[in-house]
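Participant: Quick note, the sequences are listed as chains H and Y, same order. Note that the first sequence covers residues 4 to 91 in this note's numbering. Note that the second sequence covers residues 13 to 414 in this note's numbering.
It is worth saying that the hints were derived from the structure and are not from the lab. Don't take each hint at face value.
[Unchecked claim] Among chain H residues calculated to face chain Y with C-beta under 10 Å, some are: (1) Leu36; (2) Val44; (3) Glu45; (4) Ala62.
Beta carbons are placed, not taken as given, at the ideal position from N, Cα and C, and that holds for glycine.
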Amino acid sequence: MAEHVRDKVIHILAEQAVLEPGDVSLDQTLEDLGIDSLGLVESIFAIEEEFDISIPFNANAPSESEFDISSIAAIVGAVEGLIAAQRS
Amino acid sequence: MRRVVITGAGTINALGADVPETLAAMREGRCGIGPLEMRDVDRLAVRIGAQVRDYDETAHFNRQQIALYDRFTQFALLAAGQATRESGIVFTDELSMRAGVVMGTSAGGLRTQDENYRAVYEEGKNRVHPFVVPKLMNNAAASHVSMQLNLRGPSFTVATACASSNHAMGLAFQMIRHGMADVMLTGGSESMLCFGGVKAWEGLRVMSKDACRPFSATRNGMVQGEGAGMFVFEDRDRALARGAPILAEVAGFAMTSDASDIVMPNKQGAARAIAGALQDAGIDRDRVGYINAHGTGTAANDKTECAAVADVFGHHANDLMISSTKSMHGHLIGGTGAVELLACIMALRDGIVAPTIGYEEHDPECALDVVPNVAREARVEVALSNAFAFGGLNAVLALRAA
Chain H
4 MAEHVRDKVI HILAEQAVLE PGDVSLDQTL EDLGIDSLGL VESIFAIEEE FDISIPFNAN
64 APSESEFDIS SIAAIVGAVE GLIAAQRS
Chain Y
13 MRRVVITGAG TINALGADVP ETLAAMREGR CGIGPLEMRD VDRLAVRIGA QVRDYDETAH
73 FNRQQIALYD RFTQFALLAA GQATRESGIV FTDELSMRAG VVMGTSAGGL RTQDENYRAV
133 YEEGKNRVHP FVVPKLMNNA AASHVSMQLN LRGPSFTVAT ACASSNHAMG LAFQMIRHGM
193 ADVMLTGGSE SMLCFGGVKA WEGLRVMSKD ACRPFSATRN GMVQGEGAGM FVFEDRDRAL
253 ARGAPILAEV AGFAMTSDAS DIVMPNKQGA ARAIAGALQD AGIDRDRVGY INAHGTGTAA
313 NDKTECAAVA DVFGHHANDL MISSTKSMHG HLIGGTGAVE LLACIMALRD GIVAPTIGYE
373 EHDPECALDV VPNVAREARV EVALSNAFAF GGLNAVLALR AA
């Protein structure tokens, strides 16, 4: 499951950033990819749709949200956690 | 007071994807109304409309733009781009601060609302795309036009149903005339031809199921259209100084309110707006050669409008031409006055008066020269554009040949 989730999240973020998935690495940040706040909420929507999960995120206070967006790896990890929580 | 001229025009509607195509269709009396193509059309009682066909949004906008632009915004941006290119104007530095955009629309991003209501109510989805609000808001088109063209002055959207774009253009005219701005993008856009948009109109029982035949005794209702018309309005001295193309002069504007009924038209309100526009322009009634009618093709509008014109013009009402181009491009609701202004420009600049097509039988209550079925060559010095909205809000523009 892990690789599957990672690849799909990277695919969504790459599409938002108009990059090839191969050009996105886990240690990058959204800023590195050039994804702004509007692009972020659109990406979150796309991730929710893809995995049928609900992501706790408030654009007014991104850093206080439970959903960690500090790097691509953090986002992948958070999505995996939400998927696991939903299945349990 | 400064004089105001039109230095650029753009459009997309059922008759064409730009101004030359649209005017050619009006000259030929071509009809843009046809069978509606949309999801669940078999559940509609009214199945005709003047749709913008063969429209490919990906030919004009990228994926991110499409995520943000409702169809009515896309139409506005395309028309605004054409108008600006014709005008040859570039909004940089100080000019951008002295330029704005006033647009008319009635339903704004109705298609976005329709699609997302369907998703949450019918399909039971529990989330919608994050851009639903910025996409559906009525001012979205005006805001994106301001961003695309760098217009940093007064900008807003007016919604007065079928008079929206005439109110918008009238306000843009007044702003330049009184020195609030030097150049204004103005007009209107509408895209109500979606399932919910047609369903709502159907409920009112004023729609024709076969054709729009304004002023004809056989008329049986209005037909919806969609699209946008946008213009560059400019201070005349400024336009002359830069050698801009001048399509026509906007000479006067008046608006009135019937204060009587939410849907039925009122002769006095309409007549006061027509007479008011001429008074504002300082133009003698006898000089009016053409009126682009509101002419919806409903029983009530057309006879009331003809009675108002007869009241205002007296004997001269028999000498002027009045046509409804809605018979060709349908009723664009909040965008209709903008597309109809093109017919006024064609009369003033090209000496060609667009016809009222679909005309079949004389109606003694509409006994004016409605230019039936075939366009006519004529020298026109002054033209009026009428718009009489549901809610009794009337807006009439007076244009003079450049």
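Participant: Report the numbers of all earlier hints that the structure fails to satisfy, in ascending order.
Facilitator: Per hint list: single violation, 1.
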